[in-house]
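Protein chains in written order, with the working numbering: chain S, 94 to 552; chain Z, 94 to 552.
Worth flagging that the hints you see were computed from the coordinates, not collected in a lab. Relax, there's no trap hidden among the hints.
Any copy, or any two copies together, can satisfy a pair, since identical chains are not distinguished.
Keeping only pairs whose Cα atoms sit at most 25 Å apart, straight-line, the calculated SDA-like set for lysine to any residue is:
1. 429 with 453
2. 493 with 271
3. 191 with 502
4. 191 with 440
5. 494 with 259
6. 493 with 259
7. 454 with 428
8. 493 with 458
9. 494 with 271
10. 454 with 416
11. 493 with 483
Treat the numbers as computed from the prediction; the structure is a model and nothing was measured.
For reference, the chains in residue letters:
There are 2 protein chains.
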Amino acid sequence: MSSTLPSSLGETLRQLFGDRFSTAQVIREQHGRGESHHTPAIPDAVVFAQSTEEVAQIVRICAAQSVPVIAFGAGTSLEGHLTAVRGGVSIDLSRMSKISRVSAEDLDCTVEAGVTREQLNTHLRDMGLFFPIDPGANASIGGMAATRASGTNAVRYGTMRENVLSLTVVLPNGQIIRTGGRARKSSAGYDLTRLFVGSEGTLGIITEVTLRLYGIPETISAALCSFETVEQAVAAAIAVVQLGIPVARMELMDRGLIQAVNAYSSLSLKIEDTLAFEFHGSPASVREQIEMVAAIVEDNGGRDFEWANAPEDRNRLWKARHNAFYAVVSQRPNAKGWSSDVCVPVSELSGCIVMTRELLKTCSVPAAILGHVGDGNYHVVFAVDPDNRAELEEIAAINKKMVRYAISVGGTSTGEHGVGSGKIAYMREEHGDAVDLMAVIKNAIDPQNIMNPEKILPQ
Amino acid sequence: MSSTLPSSLGETLRQLFGDRFSTAQVIREQHGRGESHHTPAIPDAVVFAQSTEEVAQIVRICAAQSVPVIAFGAGTSLEGHLTAVRGGVSIDLSRMSKISRVSAEDLDCTVEAGVTREQLNTHLRDMGLFFPIDPGANASIGGMAATRASGTNAVRYGTMRENVLSLTVVLPNGQIIRTGGRARKSSAGYDLTRLFVGSEGTLGIITEVTLRLYGIPETISAALCSFETVEQAVAAAIAVVQLGIPVARMELMDRGLIQAVNAYSSLSLKIEDTLAFEFHGSPASVREQIEMVAAIVEDNGGRDFEWANAPEDRNRLWKARHNAFYAVVSQRPNAKGWSSDVCVPVSELSGCIVMTRELLKTCSVPAAILGHVGDGNYHVVFAVDPDNRAELEEIAAINKKMVRYAISVGGTSTGEHGVGSGKIAYMREEHGDAVDLMAVIKNAIDPQNIMNPEKILPQ
Numbered sequence: 094m095s096s097t098l099p100s101s102l103g104e105t106l107r108q109l110f111g112d113r114f115s116t117a118q119v120i121r122e123q124h125g126r127g128e129s130h131h132t133p134a135i136p137d138a139v140v141f142a143q144s145t146e147e148v149a150q151i152v153r154i155c156a157a158q159s160v161p162v163i164a165f166g167a168g169t170s171l172e173g174h175l176t177a178v179r180g181g182v183s184i185d186l187s188r189m190s191k192i193s194r195v196s197a198e199d200l201d202c203t204v205e206a207g208v209t210r211e212q213l214n215t216h217l218r219d220m221g222l223f224f225p226i227d228p229g230a231n232a233s234i235g236g237m238a239a240t241r242a243s244g245t246n247a248v249r250y251g252t253m254r255e256n257v258l259s260l261t262v263v264l265p266n267g268q269i270i271r272t273g274g275r276a277r278k279s280s281a282g283y284d285l286t287r288l289f290v291g292s293e294g295t296l297g298i299i300t301e302v303t304l305r306l307y308g309i310p311e312t313i314s315a316a317l318c319s320f321e322t323v324e325q326a327v328a329a330a331i332a333v334v335q336l337g338i339p340v341a342r343m344e345l346m347d348r349g350l351i352q353a354v355n356a357y358s359s360l361s362l363k364i365e366d367t368l369a370f371e372f373h374g375s376p377a378s379v380r381e382q383i384e385m386v387a388a389i390v391e392d393n394g395g396r397d398f399e400w401a402n403a404p405e406d407r408n409r410l411w412k413a414r415h416n417a418f419y420a421v422v423s424q425r426p427n428a429k430g431w432s433s434d435v436c437v438p439v440s441e442l443s444g445c446i447v448m449t450r451e452l453l454k455t456c457s458v459p460a461a462i463l464g465h466v467g468d469g470n471y472h473v474v475f476a477v478d479p480d481n482r483a484e485l486e487e488i489a490a491i492n493k494k495m496v497r498y499a500i501s502v503g504g505t506s507t508g509e510h511g512v513g514s515g516k517i518a519y520m521r522e523e524h525g526d527a528v529d530l531m532a533v534i535k536n537a538i539d540p541q542n543i544m545n546p547e548k549i550l551p552q
Numbered sequence: 094m095s096s097t098l099p100s101s102l103g104e105t106l107r108q109l110f111g112d113r114f115s116t117a118q119v120i121r122e123q124h125g126r127g128e129s130h131h132t133p134a135i136p137d138a139v140v141f142a143q144s145t146e147e148v149a150q151i152v153r154i155c156a157a158q159s160v161p162v163i164a165f166g167a168g169t170s171l172e173g174h175l176t177a178v179r180g181g182v183s184i185d186l187s188r189m190s191k192i193s194r195v196s197a198e199d200l201d202c203t204v205e206a207g208v209t210r211e212q213l214n215t216h217l218r219d220m221g222l223f224f225p226i227d228p229g230a231n232a233s234i235g236g237m238a239a240t241r242a243s244g245t246n247a248v249r250y251g252t253m254r255e256n257v258l259s260l261t262v263v264l265p266n267g268q269i270i271r272t273g274g275r276a277r278k279s280s281a282g283y284d285l286t287r288l289f290v291g292s293e294g295t296l297g298i299i300t301e302v303t304l305r306l307y308g309i310p311e312t313i314s315a316a317l318c319s320f321e322t323v324e325q326a327v328a329a330a331i332a333v334v335q336l337g338i339p340v341a342r343m344e345l346m347d348r349g350l351i352q353a354v355n356a357y358s359s360l361s362l363k364i365e366d367t368l369a370f371e372f373h374g375s376p377a378s379v380r381e382q383i384e385m386v387a388a389i390v391e392d393n394g395g396r397d398f399e400w401a402n403a404p405e406d407r408n409r410l411w412k413a414r415h416n417a418f419y420a421v422v423s424q425r426p427n428a429k430g431w432s433s434d435v436c437v438p439v440s441e442l443s444g445c446i447v448m449t450r451e452l453l454k455t456c457s458v459p460a461a462i463l464g465h466v467g468d469g470n471y472h473v474v475f476a477v478d479p480d481n482r483a484e485l486e487e488i489a490a491i492n493k494k495m496v497r498y499a500i501s502v503g504g505t506s507t508g509e510h511g512v513g514s515g516k517i518a519y520m521r522e523e524h525g526d527a528v529d530l531m532a533v534i535k536n537a538i539d540p541q542n543i544m545n546p547e548k549i550l551p552q
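Go ahead and model the full structure; you've got the sequences and the hints to work with.
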């Protein structure tokens with residue numbers, strides 16, 4: 094596919110950005126997809142931006158000719174956020190990787206959008222600080238803000254919604270604004286920060302993010318335990334939430350996932366439905382949490398409560414969990430991952446997972462259930478052949494049943510992966526007429542519809 | 094002042110709502126003001142609504158004739174949110190006081206907008222649950238959502254921003270939407286919930302709120318300690334925050350406030366700069382928190398660490414704190430309260446308070462400093478004669494210095510009271526061009542500008 098960019102626009106960008114402007118096929122292909130099964134749609138060109146001002150300049154140039162712009166961070170999207178469905182320019186922010194400021198006193202920092210989660214935490218470690226939001230993939234902070242990411246630690250620390258204090262955003266007209274501030278709370282006007290968090294590049298491009306940080310806990314402890322049935326595991330998780338025990342992580346991995354993870358990460362975990370916990374706090378508080386959780390696990394038929402207190406054991410466990418997506422996908426040569434993601438009130442979680450388990454019994458491709466069950470959020474990862482239409486339809490049908498069930502019990506079509514193009518079909522079912530209000534906002538802020546078009550909102 | 098409502102509109106409303114429609118002077122006067130010094134502006138009429146559908150009906154009728162509508166909850170606003178500066182209809186939601194649903198399993202509930210904080214907590218008590226957000230006044234939940242309220246417990250439990258899951262909102266065209274859902278997290282589209290939280294009735298009228306709830310802690314303990322200087326008290330508070338000790342409340346009351354509170358609530362607290370703490374958790378966790386805080390207090394020159402473990406002592410303490418605003422105001426006959434409210438990064442708090450203290454030395458009216466210092470949020474309450482222009486100008490000048498200082502160090506012009514009309518003048522200074530984006534959103538959602546006009550946004 095050749096570039097259909099207006100030639101004068103390409104020329105302008107080339108003159109301004111030199112070899113940081115590219116129309117090379119391989120570069121464009123890299124930028125037209127995330128990590129999932131969604132059909133790529135490659136942009137006409139890619140610009141590697143190095144500053145907010147450069148992003149603003151590119152947006153102004155594109156806006157003048159109504160050319161779409163799509164922000165690109167680490168490329169770890171799972172719901173088709175990065176596809177250039179109407180062509181246009183992909184703005185790659187990965188070179189905006191400066192950690193501009195860290196305040197240990199105020200427990201906050203400001204980073205450029207291309208900084209990755211792991212880069213930030215490596216930088217913070219020696220200061221005794223960490224940023225807890227952890228979606229598994231080594232995503233960029235800008236991308237995590239744009240998709241309202243969360244992950245394994247959200248049950249204790251919240252999501253990007255709770256942990257972004259302030260943003261620098263380039264609007265569709267090229268104007269640069271700063272939303273929010275460094276105060277922990279504010280009642281000064283509309284919450285623009287929260288409007289851009291989760292807007293997936295459709296209202297503006299996030300170029301800088303101010304985040305809340307946390308002190309590395311004095312004590313960290315992890316544990317694994319297995320259950321005969323997934324229902325027992327979920328029942329134990331729900332009891333932990335309802336008693337308000339402040340676990341830092343509480344992850345469900347079904348036996349299918351354990352198998353995949355053992356093979357991929359050379360582990361020898363027992364092939365059973367498993368809950369993995371992490372506890373943060375003072376020694377006394379961690380001890381207390383563990384005692385309470387152990388009792389709940391036992392009450393719910395759990396067994397083989399096992400510790401992983403040594404940092405290397407703990408790291409191996411969580412690395413395996415982080416690689417779960419890749420582990421499932423690698424079970425099948427040349428497969429792509431399709432990761433469905435719903436979130437429900439915890440009282441509905443067991444019903445949802447049992448229903449999903451039932452659906453998977455007849456599924457023709459490798460699949461596994463995993464989830465941040467403390468939040469009521471779980472995923473099914475399928476290893477699909479993206480060229481096999483029958484398979485894609487089969488999984489789409491399972492996905493639809495899961496999503497509709499979740500919505501019908503007061504839940505959401507996506508707990509953390511975002512809408513992208515993958516969940517657009519469910520937006521009206523989930524939000525009703527509120528979708529029209531979202532469209533009013535989109536149209537007011539981006540009247541030309543150049544910011545990541547055809548994402549989030551149904552046409 | 095007589096009503097200037099189009100007579101056909103008044104007639105329509107009277108026919109529909111009977112004696113729940115009023116143009117009586119005394120009723121209108123009650124609805125044209127909050128609890129503070131701001132000059133009242135009375136609405137042309139008041140309607141007491143009993144359902145979301147009724148609110149929608151009133152809004153549609155008003156919208157058809159471009160008549161302003163102003164939502165009214167408990168009337169506890171401090172920044173002039175309720176003034177009908179362009180006349181119009183005040184929609185009183187206080188009769189929408191149904192607690193529609195409580196789920197102990199999911200730790201959430203849905204209430205009508207007129208339910209008050211105290212009503213909700215009374216209802217929840219027997220179920221072992223509570224709603225922690227506590228701005229002092231017995232505000233309505235709808236009003237608390239609309240102003241993004243917080244208060245004494247926010248240091249531990251967050252603000253309305255973090256604790257509202259979902260809203261029912263009547264839009265300026267009379268359409269009813271539901272934002273969000275009951276899942277703890279979602280990445281499904283624009284965060285409309287957070288857009289309406291803090292929008293002060295300028296984008297729509299909140300008629301129903303779904304809230305997060307918490308289990309009543311197993312152990313609750315409170316303590317008071319005094320300091321020779323306010324700087325010492327603030328330094329101790331900052332150390333507590335920086336060490337991540339999960340105190341539930343940490344309130345500064347300066348000696349001026351203690352004097353006022355002693356007189357108003359018949360207490361005999363020592364007349365010194367004071368920190369008041371509350372600790373929530375398991376017995377072991379509370380014990381641990383107390384030990385750590387006591388050590389920090391001692392390190393910072395605090396003394397007379399005193400317990401209030403008996404519920405009646407604790408309740409007396411917090412009731413006195415809740416009445417602080419009224420206590421200061423009552424020091425002077427016929428005075429009104431002017432409560433300024435800023436919030437800064439905690440590292441800047443000491444500088445701000447010292448500066449404020451300096452300003453107060455020459456202040457001609459009774460004034461006291463109090464604050465939710467764990468969040469970097471503090472107030473000065475002045476007892477003013479609202480008819481004395483010189484006094485109002487004097488306090489406006491002090492207020493301006495405080496606000497500008499807060500903004501200059503990365504803080505906000507209002508931590509929790511909202512913008513109303515009182516902080517409009519600082520919106521551009523705080524947000525820069527982001528204010529224009531707020532206006533774009535306001536104009537797109539409320540093109541006739543009928544929803545609580547002349548609030549939040551500078552003209």
